[in-house]
Amino acid sequence: MSELPIYVLERVFDAPRELVWQAWTDADLLARWYGPRVETIVHSLEVKPGGLWLNEMKWGGNSNYQRTEFTEVIPPERLVMLQSNSDADWNIASNPQMPDWPRVLLTTVTFQDDGKRTKMRLTWAPHEASDKEIACFAAAIDGLDKGWAAGMELLAQLLAEQKA
Amino acid sequence: MAIGMRTAAASPLTYLVKKYNHFVMEQSGYGNQPETLDAVFAALADPTRRAILTRLASGEASVNELAAPFDVSQPAISKHLKVLERAGLIERDIDKQRRPARLKAEPMAAAVHWLEDFKEFWTSSFEQLDSLLINLKKRKDAGGQT
Numbered sequence: 320m321s322e323l324p325i326y327v328l329e330r331v332f333d334a335p336r337e338l339v340w341q342a343w344t345d346a347d348l349l350a351r352w353y354g355p356r357v358e359t360i361v362h363s364l365e366v367k368p369g370g371l372w373l374n375e376m377k378w379g380g381n382s383n384y385q386r387t388e389f390t391e392v393i394p395p396e397r398l399v400m401l402q403s404n405s406d407a408d409w410n411i412a413s414n415p416q417m418p419d420w421p422r423v424l425l426t427t428v429t430f431q432d433d434g435k436r437t438k439m440r441l442t443w444a445p446h447e448a449s450d451k452e453i454a455c456f457a458a459a460i461d462g463l464d465k466g467w468a469a470g471m472e473l474l475a476q477l478l479a480e481q482k483a
Numbered sequence: 658m659a660i661g662m663r664t665a666a667a668s669p670l671t672y673l674v675k676k677y678n679h680f681v682m683e684q685s686g687y688g689n690q691p692e693t694l695d696a697v698f699a700a701l702a703d704p705t706r707r708a709i710l711t712r713l714a715s716g717e718a719s720v721n722e723l724a725a726p727f728d729v730s731q732p733a734i735s736k737h738l739k740v741l742e743r744a745g746l747i748e749r750d751i752d753k754q755r756r757p758a759r760l761k762a763e764p765m766a767a768a769v770h771w772l773e774d775f776k777e778f779w780t781s782s783f784e785q786l787d788s789l790l791i792n793l794k795k796r797k798d799a800g801g802q803t
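Top line first, the protein sequences correspond to chains A and B. Residue numbering for the first sequence is 320 to 483, as defined by this note's numbering. Residue numbering for the second sequence is 658 to 803, as defined by this note's numbering.
The hints are simulated quantities; they were obtained by calculation from the structure and are not laboratory data. None of the values given here were measured: they were computed from a predicted structure. Please note that the accuracy of each hint is not assured.
Unchecked claim - As a list, the in silico DSSO-like pairs of lysine-lysine whose alpha-carbon atoms are at most 27 Å apart:
1. B:Lys776 with B:Lys797
2. A:Lys438 with B:Lys776
3. B:Lys736 with A:Lys438
4. B:Lys795 with A:Lys438
5. B:Lys797 with A:Lys367
6. B:Lys739 with A:Lys438
7. B:Lys797 with A:Lys435
8. B:Lys761 with B:Lys736
9. B:Lys739 with A:Lys435
10. A:Lys438 with A:Lys367
11. B:Lys794 with A:Lys435
12. A:Lys451 with B:Lys736
13. B:Lys776 with A:Lys451
14. B:Lys739 with B:Lys761
15. A:Lys451 with B:Lys797
16. B:Lys739 with A:Lys451
17. A:Lys367 with B:Lys761
18. B:Lys776 with A:Lys377
19. A:Lys451 with A:Lys435
The whole structure should be built from the sequences, with the hints applied where relevant.
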């Protein structure tokens, strides 16, 4: 595979860059926004190259564990990290329901000054992934980017109505 | 509300799959081995296959009937049907001569919901980040500590 599929999210925040950076790199602050309607527990956060962010998200009786290793830290401009699903002991684990989803994603977050505001850009790309993993990731983000999900959603609704 | 339940515990990327499949299996009563979502995504990534699914939404159809509107050979349509069948998106009658294909809604709904949950995770997290930043700014402006 020559070109890796990449998923990009961009967002402008009405706050100076230092503050947005702080929200990403302070464990208490990070736990307050990362993960909606779940209890987020930041077990460890060492924001430096080679440092780990060990994150747990709890809802109901379930927990999901995420192991992240920082590879590049340039305050307050850029965070690069390798993100994986993990087991409760923080060993990288793949998902049985989606075995071809990339085990490791390279996540890059950049923070750009925009007056008093901050432009944040997140990108995800498969990291050292097999062809199968790359294809799986490409197919999923195709749905997000090209918007076919919306059409299929209508179809799913139609079917639900027909069933009812 | 179904949507509320679905997004109540949205989480990103792979985490989402674990949660969502758990939910889907409970909701739709997948008895046997559930189709993996990656097979569903791979099947949905092709425009011809999505068009076939859209056609099947208005009722079952044979290979002949499905091939008619497309500039594609019948064997090619059969191949697409096999991919869709393996992903659990359609089922076909074994006995009948024309083997009409029928749409199965659940795996498609699962894939679509996965994508929505992914978006929802980030939209909601960013909204939380928005309000957190507002609070931090206020405290800073008031000369307090962060």
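Each hint, compared with the structure:
1. Our distance criterion of 27 Å between C-alpha atoms is broken by lysine 776 of chain B and lysine 797 of chain B, whose separation comes to about 31 Å.
2. Proximity of lysine 438 of chain A to lysine 776 of chain B is assessed by CA-CA distance (about 18 Å); at most 27 Å being required, the pair is judged to hold.
3. Proximity of lysine 736 of chain B to lysine 438 of chain A is assessed by CA-CA distance (about 46 Å); at most 27 Å being required, the pair is judged violated.
4. Between the alpha carbons of lysine 795 of chain B and lysine 438 of chain A the distance comes to roughly 20 Å, so the proposed pair stays at or under 27 Å and holds.
5. For the given pair, lysine 797 of chain B sits about 26 Å from lysine 367 of chain A by alpha-carbon distance, which is consistent with the 27 Å threshold.
6. For the hint linking lysine 739 of chain B to lysine 438 of chain A, the alpha-carbon distance of about 45 Å lies beyond 27 Å, and the restraint is violated.
7. Annotation: proposed proximity of lysine 797 of chain B to lysine 435 of chain A holds, straight-line Cα distance about 14 Å (limit 27 Å).
8. Distance restraint check for lysine 761 of chain B and lysine 736 of chain B: the Cα-Cα separation of roughly 18 Å lies within the 27 Å cut-off, and the hinted pair is therefore satisfied.
9. The straight-line distance between the Cα atoms of lysine 739 of chain B and lysine 435 of chain A is roughly 55 Å, outside the 27 Å bound, and the hint therefore fails.
10. Note on lysine 438 of chain A and lysine 367 of chain A: the hinted pairing holds, with a Cα-Cα distance of about 22 Å set against a maximum of 27 Å.
11. Distance restraint check for lysine 794 of chain B and lysine 435 of chain A: the Cα-Cα separation of roughly 11 Å lies within the 27 Å cut-off, and the hinted pair is therefore satisfied.
12. A hinted pair counts as satisfied when its Cα atoms are at most 27 Å apart, and lysine 451 of chain A with lysine 736 of chain B qualifies at roughly 20 Å.
13. Only pairs whose Cα atoms come within 27 Å are accepted, and lysine 776 of chain B paired with lysine 451 of chain A is accepted, the gap being roughly 23 Å.
14. A distance of roughly 14 Å separates the Cα atoms of lysine 739 of chain B and lysine 761 of chain B; the hinted pair therefore holds under the 27 Å criterion.
15. The straight-line distance between the Cα atoms of lysine 451 of chain A and lysine 797 of chain B is roughly 48 Å, outside the 27 Å bound, and the hint therefore fails.
16. Between lysine 739 of chain B and lysine 451 of chain A the alpha-carbon distance is near 19 Å, which keeps this suggested pair within the 27 Å criterion.
17. Of the supplied pair hints, the one linking lysine 367 of chain A and lysine 761 of chain B is violated, its CA atoms being roughly 48 Å apart against a limit of 27 Å.
18. With a C-alpha separation of about 19 Å, the suggested pair lysine 776 of chain B and lysine 377 of chain A falls inside the 27 Å cut-off, and the hint holds.
19. The straight-line distance between the Cα atoms of lysine 451 of chain A and lysine 435 of chain A is roughly 43 Å, outside the 27 Å bound, and the hint therefore fails.
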